[in-house]
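So you can see what is in the structure, the chains are spelled out below.
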Amino acid sequence: MIPYRQRYRKDLSDLKRLTKDLADRVGEAIERSVLALTDSNVELAREIIKNDQDVDDLSIRIENLCMELLVLQQPMARDLRRIIGILKIGIDLERIGDLAVDIARVTAQSHNKIEITKLEFIPRMAEISGRMLRQSMEALEKDDADMARQITKWDYEIDGLYVKARDKLLNIIIERPEVIKEGTLLLMVNRHLERTGDHICNVCETIVYMVEAKREHLN
Amino acid sequence: MTAKIVSEDLNLWYGEKHALKDISLEIPAKQITALIGPSGCGKSTFIRCLNRMNDLVSSARIEGRVFYEDIDIYDKKTDVVELRKRIGMVFQKPNPFPMSIYDNIAYGPRIHGQKNIDQIVERSLKESALWEEVSERLDQPALGLSGGQQQRLCIARTMAMRPDVILFDEPCSALDPISTGKIESLMESLKEEYTQIIVTHNMQQAARVSDRTAFFLLGELIEVGETKQIFEAPKMKSTEDYITGRFG
Numbered sequence: 001m002i003p004y005r006q007r008y009r010k011d012l013s014d015l016k017r018l019t020k021d022l023a024d025r026v027g028e029a030i031e032r033s034v035l036a037l038t039d040s041n042v043e044l045a046r047e048i049i050k051n052d053q054d055v056d057d058l059s060i061r062i063e064n065l066c067m068e069l070l071v072l073q074q075p076m077a078r079d080l081r082r083i084i085g086i087l088k089i090g091i092d093l094e095r096i097g098d099l100a101v102d103i104a105r106v107t108a109q110s111h112n113k114i115e116i117t118k119l120e121f122i123p124r125m126a127e128i129s130g131r132m133l134r135q136s137m138e139a140l141e142k143d144d145a146d147m148a149r150q151i152t153k154w155d156y157e158i159d160g161l162y163v164k165a166r167d168k169l170l171n172i173i174i175e176r177p178e179v180i181k182e183g184t185l186l187l188m189v190n191r192h193l194e195r196t197g198d199h200i201c202n203v204c205e206t207i208v209y210m211v212e213a214k215r216e217h218l219n
Numbered sequence: 001m002t003a004k005i006v007s008e009d010l011n012l013w014y015g016e017k018h019a020l021k022d023i024s025l026e027i028p029a030k031q032i033t034a035l036i037g038p039s040g041c042g043k044s045t046f047i048r049c050l051n052r053m054n055d056l057v058s059s060a061r062i063e064g065r066v067f068y069e070d071i072d073i074y075d076k077k078t079d080v081v082e083l084r085k086r087i088g089m090v091f092q093k094p095n096p097f098p099m100s101i102y103d104n105i106a107y108g109p110r111i112h113g114q115k116n117i118d119q120i121v122e123r124s125l126k127e128s129a130l131w132e133e134v135s136e137r138l139d140q141p142a143l144g145l146s147g148g149q150q151q152r153l154c155i156a157r158t159m160a161m162r163p164d165v166i167l168f169d170e171p172c173s174a175l176d177p178i179s180t181g182k183i184e185s186l187m188e189s190l191k192e193e194y195t196q197i198i199v200t201h202n203m204q205q206a207a208r209v210s211d212r213t214a215f216f217l218l219g220e221l222i223e224v225g226e227t228k229q230i231f232e233a234p235k236m237k238s239t240e241d242y243i244t245g246r247f248g
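As you go down the protein sequences, you meet chains W and V in turn. For the record, in the first sequence the residue sitting at position 28 is 28 according to this note's numbering, with numbers rising by one throughout. For the record, in the second sequence the residue sitting at position 203 is 203 according to this note's numbering, with numbers rising by one throughout.
Pulled out of the complex, with its shape left as it was, chain W reads as follows (with noise of 0.2 Å):
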């Protein structure tokens, strides 16, 4: 048999691949990046910083790998909606790039005033979002959306948690007023780990449509 636009399915495999590049990259700078403030570790958060070019370099190229899709092989149906798709996820992967930088950021600023460590929330949070991030390039790469569905249900953990670690928080910077602008920073970081958990849940709800087209409210 003659292999029938035998391009067109290669870029599109091409395109789940390069999101799960993305998708990794980016999880590992939110892990890396609450690594960096618990230790204190300036280095590691200028890295993350540094290397935040590749993630938005690597979301180009999808965003142009799905407008030359969309451009040249008009395409339909199941193939559309993963071009469509992934354009949504790149947008909310490399938003999730971007909240590590702003983790990273306060590292260098926050002085451990506050010890990280006794936070335990945050670092909990870090974790949880990467294994979801980890777990939802994996319902993409099978085109799961019951998968897809079921890795949301963590989020609950993750406003949990920043629930709790903003109650602590509040309350350290009551008890001890000279440490409010690290106690501000870390408020930030709680919130963005948050966010950074829509963000997954958004991606889930992405992938969901893509699946079988069904527009869901996961989050």
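Do not rely on the hints blindly, as some may be mistaken.
[Stated by the list, open to error] With a straight-line cut-off of 20 Å between C-alpha atoms, the simulated SDA-like cross-links for lysine to any residue are:
1) W:Lys214 <-> V:Glu192
2) V:Lys228 <-> W:Arg81
3) W:Lys214 <-> V:Lys93
[Claimed, not checked] Chain V is nowhere near these chain W residues, computed Cβ spacing over 10 Å in every case:
4) Arg5
5) Gln74
6) Asp79
7) Leu80
8) Arg81
9) Arg105
10) Arg166
11) Lys168
12) Ile173
13) Lys181
14) Asn202
15) Glu216
16) Leu218
[Said to hold, decoys possible] One-sided excerpt, in silico: chain W residues whose CB lies under 10 Å from chain V:
17) Tyr8
18) Arg9
19) Pro75
20) Met76
21) Ala77
22) Arg78
23) Glu212
24) Ala213
Derived from the structure by calculation, the hints contain no laboratory data. Just so it is clear, the structure is predicted and the values come from calculations on it, not from any experiment. Quick reminder that beta carbons are idealized off the backbone N, C-alpha and C, glycines included.
Given chain W, put chain V in place with the hints provided.
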């Protein structure tokens, strides 16, 4: 949705070949319905059933029923000439008569003894968006027009008989993109008054012009629905496979 044409369990054989299998399909009034599917799927055969063009094929045998409003198209009492006046057809290749532009349009109305031929010619050419290009040379041979103009002339010729339904069988397959765009705009403008059915191999064209799309495969109607649904989220796997180019 008011149905203009309804086929019920329509079967057609060309000799031994079973070309249409139990086709039940409603064509809504004043909408554009696109029929898509690979070559030999039965889509052209189906629209040719709607104004009994298959009567001209000696080996064709038909079972089932087709209604145009409340008229049973295959009833022995149905006047085929009258039926084809109500359900006009535009073909793949522009086929103007070897006569002047004016006479091409006037041909049908004259045969039917109609008056005010000048008015009919002008109105038909205006409706088919050709008037401005040919009004100064109506006495010139129609075969001197470009392919796109010839096709719009054929549409004008069809409209001169004031049909209710227009069947388009691959109307743009021999035309360039500009002429194709003009025919598509024309179809859009005709929606207020006419029910239109288009057979096309060009899926982008079906997506652009039609309100509803029906997918045929191997003589069967696989799926019919709103065009947006068919091209964004078809229900049947074979529809999906065809429109995404996995076979064809």
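Notebook entry, point to check: Given the proposed pairing of Lys214 (chain W) with Glu192 (chain V), does the C-alpha separation stay at or below 20 Å?
Noted result: Violated, at about 33 Å.
Item checked: Assertion that Arg81 (chain W) lies farther than 10 Å from chain V (Cβ) -> violated (7 Å)
Check: Does the CB of Tyr8 (chain W) sit less than 10 Å away from some CB of chain V?
Finding: holds (7 Å)
Check: Should the hint that Pro75 (chain W) touches chain V count as held when the rule is a Cβ pair under 10 Å?
Finding: Cβ of Pro75 (chain W) sits 7 Å from chain V, so the hint holds.
Next item on the list: Take a quick look at Gln74 (chain W) and tell me if its Cβ sits farther than 10 Å from every Cβ on chain V, holds or violated.
Entry: Non-interface label on Gln74 (chain W) violated, nearest chain V Cβ at 6 Å vs cutoff 10 Å.
Check: Is the nearest CB of chain V more than 10 Å from the CB of Arg105 (chain W)?
Finding: holds (41 Å)
Next item on the list: Would you settle whether the hint for Ala213 (chain W) is holds or violated, based on the nearest Cβ-Cβ distance to chain V being less than 10 Å?
Entry: With a minimum Cβ separation of about 3 Å from chain V (threshold 10 Å), the hint on Ala213 (chain W) holds.
Checklist line | Hint status (Cβ of Glu212 (chain W) to nearest Cβ of chain V, threshold 10 Å) | finding: Holds, about 8 Å.
Next item on the list: Taking the shortest Cβ-to-Cβ distance between Leu80 (chain W) and chain V, state whether it exceeds 10 Å.
Entry: For Leu80 (chain W), whose nearest Cβ neighbour in chain V is about 7 Å away, the distance does not exceed 10 Å, so it is violated.
Next item on the list: Determine whether the non-interface label on Asp79 (chain W) survives the test: each CB of chain V must be over 10 Å from its CB.
Entry: violated (5 Å)
Note to self: Hint Ala77 (chain W) vs chain V: min CB-CB distance below 10 Å?
What the structure shows: holds (5 Å)
Next item on the list: Please confirm whether Arg5 (chain W) is truly not at the interface, meaning its C-beta sits more than 10 Å away from all C-beta atoms of chain V.
Entry: violated (5 Å)
Hints 1, 3, 4, 5, 6, 7 and 8, counting from the list given before, are not met by this structure.
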